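Residue numbers (my numbering), protein chains in the order written: chain G, 1 to 351; chain B, 1 to 389.
What the hints contain is simulated information worked out from the structure, not anything from laboratory work. One or more hints might be untrue.
[Claimed, not checked] Pairs of lysine to any residue, SDA-like flavour, derived with a Cα cap of 25 Å:
(1) K59/B / N96/B
(2) K234/B / S301/B
(3) K59/B / A108/B
(4) K233/G / P384/B
(5) K178/B / F245/G
(6) K234/B / Q246/G
(7) K233/G / E378/B
(8) K325/G / A278/B
[Claimed, not checked] What follows is a list of derived Cβ distance ranges for each label pair:
(9) G36/B / H304/G: 40 to 46 Å
(10) V28/B / S15/G: 55 to 61 Å
(11) N230/G / Q107/B: 45 to 51 Å
(12) H304/G / T275/B: 26 to 32 Å
Quantities reported herein were computed from a predicted structural model and do not represent experimental measurements. Note that the Cβ used here is the ideal one computed from N, Cα and C, for glycine as well.
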Amino acid sequence: MDLELTDTQSALRNSFGTFFANESPPERVRRAEPLGFDLDLWRQLVGLGIPAMGVPAEYGGHGAALLEMALVAEAAGQSLAPVPLVESTVAARVIAGAPRPELSSAVLDGTKLATLVLDSDRANAIRHAVPAGAVAHLIVWLDGGQLVATEVPDSAARPSPENLAASPVCFIDSVELRNGSGWLAGAPRHVLAEGELARRAYRRAVDEWRVLSAAALAGLARGALDLGVNYVKSRHQFGVPIGSFQAVQHRLADVATEVEGARWIAYEAAWALAEDPERAPALASMAMIFNSSSAERASSVSLHFHGGYGFMLEYDIQLYFRRAKGWSLLNGDPGREHQRLARLLFGSEDG
Amino acid sequence: MDFRVDEHAEEFRAEVRAFLDEHLSDEVLERAHVTGTKHDWGFHRAVAAKGWLAAAWPKELGGQGRDPFEMAVLGEEMARRAAPTDGWGTTELVANTLRLVGTPEQQADVIPRVISGEILICLGYSEPDSGSDVAAAKTRAVRDGDQWVIDGQKMFTTLAHEAHYVFLLTRTNTGVAKHRGLTMFLVPMATPGIEIRPVRTLGGERTNVTFYSEVRVPDSARVGEVDGGWDVMKIALAFERQPTAQGEMARLLELFVDWAGSTRREGRRLLDDPTVAARLARLAVNCEVGRLLGQRMTWVSSRGDLPIVEGSMCKLFTSEAFVGATSELLDALGPEGLIQDGQEGPPLGGVVEHAYRHAVVTTIYGGSSEIQRSIIAERELGLPQTRPG
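Bound-form chain G, shown alone (with noise of 0.2 Å):
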């Protein structure tokens, strides 16, 4: 048992901390909606080698522990950063894991964004929602017994309808998408795998998707709490703090264990993804499951302290509150992840 960050991880965490302190504070945040993508942000991470960091090196990256990356990605979301890191970094995982060096290195030097669809492996989806589809030039997906990478041609209009999150997701039929047509017409597609090993190396990317997504949802939480406690301690009525009301505190200190709470899931999936395979899938699940709430919550109890002020757009809490319930939807309705998450400990007698 060791619950330490190495000091490599930890100047990991402090300095991205900082980058994206300086680099992405609310005023760029705003700037990038409706949209919610900052390209020049993006390149700056692309200067910091962001794309291939989680790429383990034999495919050409830098090797990085997806614990590391969650540590990144808890930086990226503790300030909302206009950025696909988290779609970015997984299925640029895929791709440079896949015999298709064209695509790879694009992916790898960061010109080509990379995403993926989090449900395509769903039997009877009518439609689907395509994180970061609204700026990826290849999307990964599951199409039966295929892995694949369709690329998105630069003319495509595609459907990315401004949203609560400001978050560049885009949708599209499954039909659309599985047979090249709508906004896909004429989009090469590249298959990655096949067969068992396709299906195998998807579950796994979607994993790494809830985990790292959980990650940045731990990040937004603390980010949101910080807010939150900031205020009560300035804002002073009859003639005190309101951070000295009882009832703020109280709610503020739950807060604040589930942010501890969201933290330490995130990590120990992320260290499981690694290190304990048999656990991680549930761990995955559990994380998405606890951060989504708890961010949430830090979210709506921040903005509720802030009385009306939380209520204005120009106050930052909005921004938290927001993409709480964004981030999290992205992964679909969280009642079917408690059913998913009950099949993986239970099992199930239709098997």
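Start from chain G and add chain B according to the hints.
Positioned in the frame of chain G, the structure of chain B alone reads:
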């Protein structure tokens, strides 16, 4: 970063489980359950024979020098099996305190008999008018030559009816701020003037009110300085163990999942009923998060630090999660879940129904949820203190 429990702790876990298989008989469990007394002398002496009553103490002082990881395993396994360890808990806490602030005579007299499993010590802190505000104790100790005369009353003196001593918080000075006028005593329960009255509780546990009428003790029964009792209390409070709600919740969840896997309703396993499954999944999440918060406590202790905020977060989260879990699990049983054990046909032998009544005390004792929240708010979030005085 490594979330694996160390091998030596896992080996110890196997040893503890084997011990429990041998000594924690159905008869012991039944007796503790029916009497509401969570102490069993036979079991306690078996624990003493293993050297576990002071397992974390240095070997030269009668312990086994076990590290926080092993101690966490020990506590967790005991809680998971609902072992009657309340007496062990309070007794070890006081013995630990004596180890640090007791006189050589007190240490020589009391500690060996604690480690051998011969004696129990109960806690006399709370009073009818002071629970969370423990420093407001009114039970008086007045000096009379080289004796003290004690008058007053204590609430929730659990296990007073089995104990040989009560570790008693008294007021020895009314002319100063409340924290500065307290003194601790180790009072033999056989001393004339002590009356024990049983109190039955919602959870079926038995506790007591104890009355002290002109109870005379020698000055040698005093622990720590006169009017220095608060410092002694702080030391004692630091020895309170890892919260048991986590182990209790894990136990309940495991029993329920087992049962739901072999019980059918409407043509399928209860475990495959989506509403039940979803509930259990959420409880499993809370269980895992609670476990991690507990591991963080153990980790901090293993580094030689006092896990104050970590302890508060763990206690707050796990006890509140436990209360919620008992409600959810009882709901999943439907109306039959209401049937109590000892009656005909209670599902799971009535363990969920009982847990529902018991769990509510876990957010109250050991520092209420509100006290824990205040500690977190003050120490972690830097918010102003709210309790006057």
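Structure-based check of all given hints:
no.: 1; hint: K59/B / N96/B; result: holds, 14 Å
no.: 2; hint: K234/B / S301/B; result: holds, 17 Å
no.: 3; hint: K59/B / A108/B; result: holds, 16 Å
no.: 4; hint: K233/G / P384/B; result: holds, 9 Å
no.: 5; hint: K178/B / F245/G; result: holds, 24 Å
no.: 6; hint: K234/B / Q246/G; result: holds, 24 Å
no.: 7; hint: K233/G / E378/B; result: holds, 12 Å
no.: 8; hint: K325/G / A278/B; result: holds, 20 Å
no.: 9; hint: G36/B / H304/G: 40 to 46 Å; result: holds, 42 Å
no.: 10; hint: V28/B / S15/G: 55 to 61 Å; result: holds, 56 Å
no.: 11; hint: N230/G / Q107/B: 45 to 51 Å; result: holds, 49 Å
no.: 12; hint: H304/G / T275/B: 26 to 32 Å; result: holds, 30 Å
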